[in-house]
Amino acid sequence: MSHPHPDNKINVIVVVSGADQPVEVNPHQTVGHLAEEALKASGNAGQPLENWEMKTAEGVIIPFESHVADDGIGEGSKVYLTPKAGSGG
Amino acid sequence: MASGPPVLVDPEISRGKLGREIAAWRSNEREYRARGWLLLDHDDLTVELGFLGRIPLGNGQAPILLPAIRLDYENYDLWPTSLTFIDPFTREPAPAPLPQALIVGDAGPRNILLQNGEGKHFLCVPGTREFHDHPQHSGEPWALFRSRKMGSLAVVAERVWQSMTQTIQGIALQPALLQQIQIQLRAQQIPPEILQQMLGQAQNAA
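Residue numbers (the working numbering), protein chains in the order written: chain A, 514 to 602; chain B, 119 to 324.
By construction, these hints were calculated from the structure, which means they are not laboratory data. All residues carry an ideal CB built from backbone N, CA and C; glycine is no exception. Honestly, I wouldn't trust all of these hints.
What the hints assert, rightly or not - One side of the interface only, derived from the structure: several residues of chain A facing chain B at Cβ under 7 Å:
| no. | residue |
| --- | --- |
| 1 | GLY531 |
| 2 | ASP533 |
| 3 | PRO540 |
| 4 | THR569 |
| 5 | ALA570 |
| 6 | PRO596 |
Said to hold, decoys possible - Using C-beta positions, here's what the derived DEER-type ranges look like:
| no. | chain 1 | residue 1 | chain 2 | residue 2 | range |
| --- | --- | --- | --- | --- | --- |
| 7 | A | GLU578 | B | PHE207 | 20 to 26 Å |
| 8 | B | ARG209 | A | ALA582 | 26 to 32 Å |
| 9 | A | GLY585 | B | ASP159 | 20 to 26 Å |
| 10 | B | GLY137 | A | ASN524 | 24 to 30 Å |
| 11 | B | ASN234 | A | ALA570 | 30 to 36 Å |
| 12 | B | ALA320 | A | ALA570 | 22 to 28 Å |
| 13 | A | ALA558 | B | LEU196 | 20 to 26 Å |
To be verified - Here are some chain B residues the structure puts well away from chain A; computed CB gaps all over 12 Å:
| no. | residue |
| --- | --- |
| 14 | PRO129 |
| 15 | GLU139 |
| 16 | THR202 |
| 17 | PRO206 |
| 18 | PHE207 |
| 19 | LEU216 |
| 20 | VAL243 |
| 21 | ALA261 |
| 22 | GLU276 |
| 23 | GLN287 |
| 24 | ALA305 |
| 25 | GLN321 |
Modelling step: build the complete structure from the supplied sequences, incorporating the hints.
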């Protein structure tokens with residue numbers, strides 16, 4: 514079982530393109546920061562956030578400019594980071 | 119003897135990569151099931167997925183499996199995965215069960231369901247072999263997208279769910295006068311992002 518950190522950071526699982534990526538984040542940081550940390554930890558450092566989108570388990574988009582705590586992301590939460598569909602059709 | 123695609127990657131390597139995709143899927147299977155994503159079968163270098171949605175029926179909602187797909191992983195991931203719509207009963211290749219697959223971009227919703235020269239329906243999005251083989255996308259080779267895992271099992275599932283299953287808002291009855299009066303059933307498709315906007319506007323107007 515995981516416990517909150519003494520420096521108020523929380524453990525979040527960011528599922529990056531289908532693969533679990535554990536990330537520690539301060540809940541007052543933005544969701545964009547959480548996404549950048551997840552991209553860095555999963556070997557995708559430097560990729561522009563505009564090419565990705567963060568979603569809840571239900572598939573609802575979480576704006577990057579919102580804050581982790583404001584979106585109900587807490588200790589042990591799981592969110593989904595997926596590359597945007599981009600061109601096509 | 120049936121001729122398949124040329125072997126460019128040792129099938130053992132492709133099998134290992136697909137095995138990791140399946141393990142990652144299993145790790146999130148409970149959440150995927152809640153979305154209606156079902157792993158129907160996994161055999162050597164193929165995976166079959168089904169997508170459950172809900173349609174209003176009477177006073178309640180009825181589950182509907184729409185669509186079912188097969189993903190082929192030959193030469194993965196030198197090649198991206200190939201997507202084929204299948205009949206969920208026979209598991210044989212079948213036409214796409216909806217007339218369109220809608221993705222919302224900066225310019226609004228666009229249909230990404232196309233047919234190739236052989237009449238096969240495919241989703242024209244990066245990460246599928248059919249997209250990268252399409253002459254209109256010769257400037258967008260798979261190599262540019264591979265590092266972002268655009269062809270991973272979960273990402274392809276997300277594209278199918280988002281552009282097809284999530285767009286089903288109901289079934290409409292349409293009387294059509296041909297040689298005799300017929301009733302046609304036609305799926306009503308609206309992308310979830312647009313539906314959310316419409317609901318918001320309706321609430322503001324109320």
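Here's how the hints hold up against the structure:
no.: 1; hint: GLY531; in the structure: holds (3 Å)
no.: 2; hint: ASP533; in the structure: holds (6 Å)
no.: 3; hint: PRO540; in the structure: violated (21 Å)
no.: 4; hint: THR569; in the structure: violated (10 Å)
no.: 5; hint: ALA570; in the structure: holds (5 Å)
no.: 6; hint: PRO596; in the structure: holds (4 Å)
no.: 7; hint: GLU578(A) / PHE207(B): 20 to 26 Å; in the structure: violated (46 Å)
no.: 8; hint: ARG209(B) / ALA582(A): 26 to 32 Å; in the structure: violated (46 Å)
no.: 9; hint: GLY585(A) / ASP159(B): 20 to 26 Å; in the structure: violated (35 Å)
no.: 10; hint: GLY137(B) / ASN524(A): 24 to 30 Å; in the structure: holds (27 Å)
no.: 11; hint: ASN234(B) / ALA570(A): 30 to 36 Å; in the structure: holds (34 Å)
no.: 12; hint: ALA320(B) / ALA570(A): 22 to 28 Å; in the structure: holds (26 Å)
no.: 13; hint: ALA558(A) / LEU196(B): 20 to 26 Å; in the structure: holds (24 Å)
no.: 14; hint: PRO129; in the structure: holds (22 Å)
no.: 15; hint: GLU139; in the structure: violated (7 Å)
no.: 16; hint: THR202; in the structure: holds (17 Å)
no.: 17; hint: PRO206; in the structure: holds (22 Å)
no.: 18; hint: PHE207; in the structure: holds (27 Å)
no.: 19; hint: LEU216; in the structure: holds (15 Å)
no.: 20; hint: VAL243; in the structure: violated (4 Å)
no.: 21; hint: ALA261; in the structure: holds (15 Å)
no.: 22; hint: GLU276; in the structure: violated (5 Å)
no.: 23; hint: GLN287; in the structure: holds (15 Å)
no.: 24; hint: ALA305; in the structure: holds (19 Å)
no.: 25; hint: GLN321; in the structure: holds (16 Å)
The structure fails to meet hints 3, 4, 7, 8, 9, 15, 20 and 22 from the earlier list, while all remaining hints are met.
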